[in-house]
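**Student:** What follows is the residue order along each chain.
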Amino acid sequence: MTRIAFAILAAPLVMFPFFAGDFYVNLASQILIAAIFALSLNLLVGYGGMTSLGHASFLGVAAYISALLTTRYGLGHGLAALLSIAGTTLTAAFFGVIALRATGLGFLMITLALSQVLWGLAYRMSNVTNGDNGIAGLTRPVPFGISLDSAASFYWFALIVASIGLVMMTVFVSSSFGSSLKGVRDQPRRMAALGFNPWMIRWITFIYAGFWGGVSGLLYVYYHKYIHPTSLSTTSSAEALLGVIAGGSGTLGGPVVGATLVLLLKNYASAYVERWNMLLGLVFLFIVLVMPTGITPGLHRLAARLRGGPR
Amino acid sequence: MQFWIIQGLNSLSLGGLLFLLSSGFSLIFGLMRLANLTHGAFFMLGTYFGATALRAFDGLNLWVTALGAGIVVAALGGLFERLVLTRLKSNPLGQVLVTLGMAFIISDACLALWGGDSIPVPTPQNLQAPTRIFGFVFPTYRLVLVGCAIGAAIALYLLIERTRLGAMIRAGVDDRQMARAVGIPVSNLFTTVFCLGAGIAGAGGVLGGPILSAYPGLDADMLPLALIVVILGGIGSLLGAFVGSFIIGFIYTFGTALFPELAYIILFLPMIFVIAFRPQGLFGRVGA
Chain A
90 MTRIAFAILA APLVMFPFFA GDFYVNLASQ ILIAAIFALS LNLLVGYGGM
140 TSLGHASFLG VAAYISALLT TRYGLGHGLA ALLSIAGTTL TAAFFGVIAL
190 RATGLGFLMI TLALSQVLWG LAYRMSNVTN GDNGIAGLTR PVPFGISLDS
240 AASFYWFALI VASIGLVMMT VFVSSSFGSS LKGVRDQPRR MAALGFNPWM
290 IRWITFIYAG FWGGVSGLLY VYYHKYIHPT SLSTTSSAEA LLGVIAGGSG
340 TLGGPVVGAT LVLLLKNYAS AYVERWNMLL GLVFLFIVLV MPTGITPGLH
390 RLAARLRGGP R
Chain B
9 MQFWIIQGLN SLSLGGLLFL LSSGFSLIFG LMRLANLTHG AFFMLGTYFG
59 ATALRAFDGL NLWVTALGAG IVVAALGGLF ERLVLTRLKS NPLGQVLVTL
109 GMAFIISDAC LALWGGDSIP VPTPQNLQAP TRIFGFVFPT YRLVLVGCAI
159 GAAIALYLLI ERTRLGAMIR AGVDDRQMAR AVGIPVSNLF TTVFCLGAGI
209 AGAGGVLGGP ILSAYPGLDA DMLPLALIVV ILGGIGSLLG AFVGSFIIGF
259 IYTFGTALFP ELAYIILFLP MIFVIAFRPQ GLFGRVGA
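These protein sequences, in sequence, are chains A and B. Per my numbering, residue 90 is the first one in the first sequence, and the count goes up by one each step. Per my numbering, residue 9 is the first one in the second sequence, and the count goes up by one each step.
None of these hints come from the bench; they were simulated from the model. Quick reminder that beta carbons are idealized off the backbone N, C-alpha and C, glycines included. Please note: incorrect hints may appear among the correct ones.
Said to hold, decoys possible - The calculated label-pair distances, taken between Cβ atoms and stated as ranges, are: (1) A:Arg229 <-> B:Asp66: 54 to 62 Å; (2) A:Leu353 <-> B:Val145: 52 to 60 Å; (3) B:Pro128 <-> A:Thr259: 52 to 60 Å; (4) B:Pro268 <-> A:Ala175: 28 to 36 Å; (5) B:Ile162 <-> A:Leu353: 51 to 59 Å; (6) A:Thr259 <-> B:Ile158: 54 to 62 Å; (7) A:Leu353 <-> B:Ser221: 33 to 41 Å.
Generate coordinates for the entire structure from the input sequences, incorporating the hints supplied.
**Tutor:** Written as structure tokens, this is what we have:
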């Protein structure tokens with residue numbers, strides 16, 4: 090039964106480029122990238138109870154390392170990808186050591202400060218990062234001799250990576266380690282009393298989330314063939330966090346739905362209005378005030394209220 | 009020698025500005041357990057108000073402008089607190105997200121209203137001439153700014169330690185439930201402190217104008233500095249905000265002057281040390 094449901098769900102995703110135009114295929118690729126990113130942030134926010142406002146660090150670090158290695162040092166894509174993922178994971182390990190000295194709002198402030206430091210570096214160290222001009226003229230990799238330059242081939246590539254990511258993160262949260270993570274989120278003291286090490290569990294999760302953030306960053310830079318400091322900005326972190334919370338944190342489907350909505354909103358809204366940041370802020374206010382638990386539970390509640398009956 | 013003295017004074021004046029920014033942030037956090045990410049935007053709003061007023065009315069006094077902008081920003085902050093934040097009383101995460109959303113709205117509205125070019129704020133005429141002390145030349149305005157920050161610090165200290173309002177704030181910081189139980193109107197106190205913090209940031213924005221000038225992204229430049237100051241000094245501690253501001257003022261100014269590309273890394277080294285060895289900050293009593 091689940092296999093049939095899976096096939097019904099997967100078939101249109103795989104076949105999508107055959108019946109959609111390039112514009113929509115490219116949009117779908119961006120959604121896949123945003124979905125991996127949101128899923129990785131959700132490991133922290135939803136399952137670990139660690140609300141990070143600096144997750145864009147990992148996307149940006151991976152993208153910048155890959156861009157620098159391929160352009161400046163002329164490395165091949167395979168090696169550059171390995172090194173950038175390794176570098177991002179190390180960065181996550183380091184940031185985790187600092188940020189996890191605190192929990193709750195302290196954690197949020199430290200992640201925000203750390204990501205702002207990286208953003209400032211990307212802006213100011215212009216002889217390395219090219220500052221406000223960003224790094225342009227990047228190429229996409231050619232895995233097994235298959236060019237990814239067409240919209241469809243890149244979409245399939247992103248789909249494969251996203252599927253692997255979804256499976257790996259699902260395994261992560263449904264494993265016994267995932268259970269202990271949820272335990273640490275809800276009852277850190279009891280977990281410690283039971284002999285678990287809450288700090289270590291959080292740290293491993295932080296590194297794992299950083300790893301997948303780095304993977305989405307690689308896809309991001311492959312897709313855009315360009316990288317700019319804004320991808321490290323608070324706006325970028327906040328968009329992902331909005332996606333996670335809007336969709337429903339602590340669920341596997343929620344962040345995908347939320348990230349899709351944020352991306353579509355951004356694409357369509359920026360066609361009509363210039364003020365994306367203002368819209369983002371308003372959506373934040375709306376979601377937090379009206380649907381604090383996410384869209385799916387929020388819609389149920391809204392429907393109940395419209396019917397006029399008591400909840 | 010002149011280089012070191014001038015940079016030293018620049019550090020002090022940046023430290024003073026940072027104190028005006030972070031003291032409010034720290035007070036709000038200490039009492040309300042709320043990381044107010046709108047704080048940088050309040051500061052920027054003050055700078056823009058100041059720039060507009062001072063350019064529109066010739067001969068307008070900078071101090072009056074700072075007071076006026078402080079009151080306007082305090083009123084805006086109060087409205088935000090009453091209309092939005094009070095609805096999210098038991099949801100600290102929601103509160104942070106809302107303040108972040110508000111920060112985006114304000115900074116984008118400033119961009120829409122005032123455009124992308126930076127607007128210089130004129131230095132008051134009677135403070136334009138440099139001051140000579142022991143044969144060294146100092147920009148007078150920066151000296152005055154340091155004086156302002158110290159004045160504000162003393163006023164805040166007296167307010168917190170010597171007045172009835174301050175006693176209520178301290179009670180609220182230490183034990184909110186107990187304070188409520190003995191009849192302190194904690195909810196009104198929240199609004200008062202939020203207005204106060206926003207107002208200081210707004211006035212600080214005007215005073216910082218002649219040095220920084222008003223530009224889009226000022227909020228994003230100032231907020232991380234305030235966060236680092238508060239993490240360094242200890243959340244909720246006025247003394248911590250004061251010491252932290254001047255430490256960061258020095259590190260940032262000398263870092264930018266001596267190693268311009270690495271200023272941001274140098275900035276974050278003291279934060280790492282403090283977090284590693286004293287997670288509650290230099291003068292903090294409570295962990296975040």
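**Student:** What are the numbers of the hints the structure violates, in ascending order?
**Tutor:** none
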